[in-house]
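Residue numbers (numbering that gives the first Met the number 0), protein chains in the order written: chain A, 0 to 108; chain B, 0 to 229.
Any given hint could be a false lead.
Rough simulated footprint, nothing fancy, chain A against chain B, three-plus residues with beta-carbon under 8 Å [stated by the list, open to error]:
hint	segment
1	113-120
2	163-176
3	202-208
If you're looking for bench data, these hints aren't it; they were derived computationally from the structure. Remember, it's a predicted structure, so these values are computed and weren't measured experimentally. Ideal Cβ positions, reconstructed from N, Cα and C, are used throughout, including at glycine.
One-letter residues, chain by chain:
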Amino acid sequence: MDRKGLALFLGGGLIVALGLAFFVSPYASSSPDGLERVAIEKGFADAAQDHPLAESPLADYQVRGVEDERLATGLSGVVGVAITFGIGMILFGALRTLRARRAGPSAGP
Amino acid sequence: MHIPDGFINAGTSVAAGVASAGGVGIALRRAAAGLEDRQAPLAGLVAAFVFAAQMLNFPVAAGTSGHLLGGVLATVLVGPWAGAICITLVLLVQGVFFADGGLSALGLNVLNMAIVGGLGGYAVFAGLRRVLPKGRWAVVASSAVAALVSVVLAAAAFSVEYAIGGVGDVPAGTVFAAMVGVHVLIGIGEAALTALTVSAVLAVRADLVYGARDLLPALPHGGPHPAVGR
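Required output: the full structure, derived from the provided sequences and hints.
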C-alpha cells in the first residue's frame, strides 16, 4: 500500500470536510429538521428539555464569544471536524493496535 | 433526527441505551478483528466528514430541512462495524460538545442512526449488491437506494420508540406516517449525497471503498463499465 497516496487522500478528504464545515455550514438551512417538524405539527415539541450542556462553549454550533453568527458557526464546524477526526484517529488506532497485539508475532502475516 | 431529552421517557431511553451499548460493543470487537492498517485513519476521516456533512441542512419542504445521516455512507466506505462506530462517535461529539441530541437520548440516537441506519442500511446495501450485476455503477446505485431506505428505517425506529415511551398522547400511527413521510424526502437527499460521495471516492481511490472490494482484482485491467479503466 502506498503510504504517500493514502496520506494525500486523507489530507484531501480532511480539507474537504473542513471546507464544508467552515464555508458551507453557515449557509445551511436553519428550518426545523424532519423530527422537529413532526414534533411541532403533532404537538409534542414542547416536551423537549433544555440540553444539560446548553451553556458549553460550542453549544448549538456557535463558538461562544464570536459576534458574527456565520463565523461562529463556521468556526464551530472546524473545531467539530478536528475533535471528531482526533478522537477517531485515537480510537481506530487503538483498535488496530489491539488487533495487531491479539494476532501476535507468530499468528500475523 | 437527533432526539432531544424529554421526547421519550426514561425507561425506554435506558433500554435503548443498553441495546446501543451492546450493539456498539459488538461493533468495536468486530472492527478490531477486521480493521486493516489503512482503514484506521480512513475511518477517522469518514467520521470527521460525516460530522461536517451533518451540519449542512438542506430544505426539503416548506419550512422543513434535513441533513445527511451518513449511516450508509460510512458503512459502505469503511465497513459495517467501523462505520457504525463512526456514526456513534459523531453523535457522541454532537451531544457532548455541541448540545445537539439529548444526553439521556444518546442511546436512542445511536440506536436509530448508527445501528438501525448504519448496520440496517448496510444490510440493504449488501442485499442489493448481491442481486445486481457487478460493477461500480451497482455500488453507487446500491448505496443510493440503501441510503434512502436507511433514513426511513431510522424514522420508523423513532416512531416505534415514541409508541413505546413517547411523551404525549399522539397515536403511534400518526407519528409513524408523519415521520416516514417527511423522511422519504430527506432520504432522497441522503441518497444523492451518499451516491455523490461514494462515486467521488470510487473515482479517486476505489481500493479504499470497503463496499467495492469485490471489484478490486478487476480494477487495474479495466472492466465492462467505461468509468472503470483509466
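Let me make sure I understand: some of the numbered hints might not hold for this structure. Which ones are they, in numerical order? Hint check: 1 fails alone, others pass.
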